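K.L.:
Listed below, chain by chain, are the residues.
Number of protein chains: 2
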Amino acid sequence: MEYYSKQIGNLIGALSRLPGIGNKTAQRLAFHILAMPPKDVRELANAMTDARENVKCCRECMTLTDDELCPICSNAKRNHKQIMVVENSRDLAAYEKTGKYTGVYHVLHGAISPLNGVGPGDIRLKELMSRLSRLDEDDDEVKTEVIVATGSDLEGETTAMYISKLVKPTGIKVTRIASGVPVGGDIEYIDEVTLLRALEGRTEL
Amino acid sequence: MEYYSKQIGNLIGALSRLPGIGNKTAQRLAFHILAMPPKDVRELANAMTDARENVKCCRECMTLTDDELCPICSNAKRNHKQIMVVENSRDLAAYEKTGKYTGVYHVLHGAISPLNGVGPGDIRLKELMSRLSRLDEDDDEVKTEVIVATGSDLEGETTAMYISKLVKPTGIKVTRIASGVPVGGDIEYIDEVTLLRALEGRTEL
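Protein chains in written order, with numbering that gives the first Met the number 0: chain A, 0 to 204; chain B, 0 to 204.
One or more hints might be untrue.
Same chains, same names: a pair is fine if it fits in one copy or spans any two.
Claimed, not checked - DMTMM-like cross-link-like pairs, simulated, lysine to aspartate or glutamate; straight-line CA separation at most 20 Å:
1) Lys164 to Asp152
2) Lys5 to Glu52
3) Lys38 to Asp49
4) Lys99 to Asp66
5) Lys125 to Asp185
6) Lys167 to Glu140
7) Lys167 to Glu203
8) Lys5 to Glu67
9) Lys38 to Asp90
10) Lys5 to Asp65
11) Lys125 to Glu199
12) Lys142 to Glu42
13) Lys99 to Glu154
14) Lys23 to Asp90
15) Lys125 to Asp39
16) Lys125 to Glu144
17) Lys23 to Glu144
18) Lys5 to Asp49
19) Lys80 to Glu126
20) Lys142 to Asp190
21) Lys55 to Asp39
Quick caveat, the hints were computed from the structure, so don't treat them as lab data.
Just so you know, these numbers come straight off a predicted model, no measurement behind them.
Take the sequences, apply the hints, and build the full model.
P.N.:
Shown next, in the form of structure tokens:
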């Protein structure tokens, strides 16, 4: 890239290392940034460094946040006895966007994947168990429920199975989100495994 | 986005204001940045602010660069009498990637577009003319050539026409890059205007 001067080349190089950003997109972004008001560029740069430097895991649910407790865990209106276990903070955001879930979350930061060398000890299962044992202590009439919302791929299913084996002996209710035909999905284009799951998980009308 | 803490929300917001980056992509990028080593994040942020703060137009060809002269204009091996006029620095890079062009460039930073309120005075035509008059002064046997490589859309064509009218009276040779069927293009899928251009611009074999 000798046809770009050093700093412009650096910027394009740094941008193209981001996921899903190829060389062409990096160029377009770089020239957009070069045309932005310097104030906006500083804001963007600061947003990056600030977020990166202050990011930590929520003390309760392990999601990425910049406080001790994330906005959801610190919300008294949420049902803190209903815990949805998700693989990452983006999955949490996806469920939050539905606007209907009133419980809290637990973010595993991954899924068990022996092929990739990710074992049960590498994701935040220990934190989930200690959180559940703390919930168990304060006995009241509301029952704790763990909703396993890991993905429906091999890793997600393995993780779900593992969590169920781990949690069930404690007497806490464990549920799994339904797997089936997505809304608006055309039956003829859906894979066999999903169709079988939809059949197995049928509900009475 | 109350389900993201303030700084993560800021980062996603700042990223999603970049062109071609929607909310989903911004989220993915943000979580990638949060997982990057802090040093790399600082490097990326510095690459942005440094490039933005030091960017200027090359004294000769007006391309964006961080020195007085861009790497191409300061290269003595290039033919400084052959000037390719392009709309922006990305178009320059596209021609540089061919590796075959040995002349220099002139970057207009736009194209004449009356509909968008861009007139001849808004692009770097004045700089092109003063550059040509300077070249004209040192009379030697090598003739100056202006290759107009603006786009083949309405704005690009208008600009090419305007440049030709401006430069021709000075006696300098003006050429226009060929318009026609792209290499690998399937004739049946190419629009009529391009096909007509290809016919008009036919060359003897």
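K.L.:
With reference to the structure, classify each hint as holding or not holding.
P.N.:
Structure-based check of all given hints:
1. Lys164 to Asp152: within (18 Å within a copy, 64 Å between copies)
2. Lys5 to Glu52: between (27 Å within a copy, 13 Å between copies)
3. Lys38 to Asp49: both (16 Å within a copy, 12 Å between copies)
4. Lys99 to Asp66: Result: close neither inside a copy nor across copies, 24 Å intra and 55 Å inter.
5. Lys125 to Asp185: neither (40 Å within a copy, 59 Å between copies)
6. Lys167 to Glu140: Only inside one copy: Lys167 and Glu140 sit 19 Å apart there, 90 Å across copies, limit 20 Å.
7. Lys167 to Glu203: neither (26 Å within a copy, 81 Å between copies)
8. Lys5 to Glu67: between (41 Å within a copy, 13 Å between copies)
9. Lys38 to Asp90: Neither. Shortest intra-copy (33 Å) and inter-copy (27 Å) distances fail the 20 Å Cα cut-off.
10. Lys5 to Asp65: between (35 Å within a copy, 7 Å between copies)
11. Lys125 to Glu199: Neither way: Lys125 and Glu199 sit 32 Å apart in one copy and 73 Å across, limit 20 Å.
12. Lys142 to Glu42: neither (46 Å within a copy, 49 Å between copies)
13. Lys99 to Glu154: neither (26 Å within a copy, 50 Å between copies)
14. Lys23 to Asp90: between (29 Å within a copy, 11 Å between copies)
15. Lys125 to Asp39: Neither, since 42 Å and 30 Å both go past 20 Å.
16. Lys125 to Glu144: within (17 Å within a copy, 72 Å between copies)
17. Lys23 to Glu144: neither (48 Å within a copy, 30 Å between copies)
18. Lys5 to Asp49: Answer is between: at 11 Å across copies they meet the 20 Å cutoff, but 26 Å inside does not.
19. Lys80 to Glu126: within (15 Å within a copy, 70 Å between copies)
20. Lys142 to Asp190: neither (37 Å within a copy, 67 Å between copies)
21. Lys55 to Asp39: between (26 Å within a copy, 18 Å between copies)
Violated hints, in rising order: 4, 5, 7, 9, 11, 12, 13, 15, 17, 20; the structure is consistent with all others.
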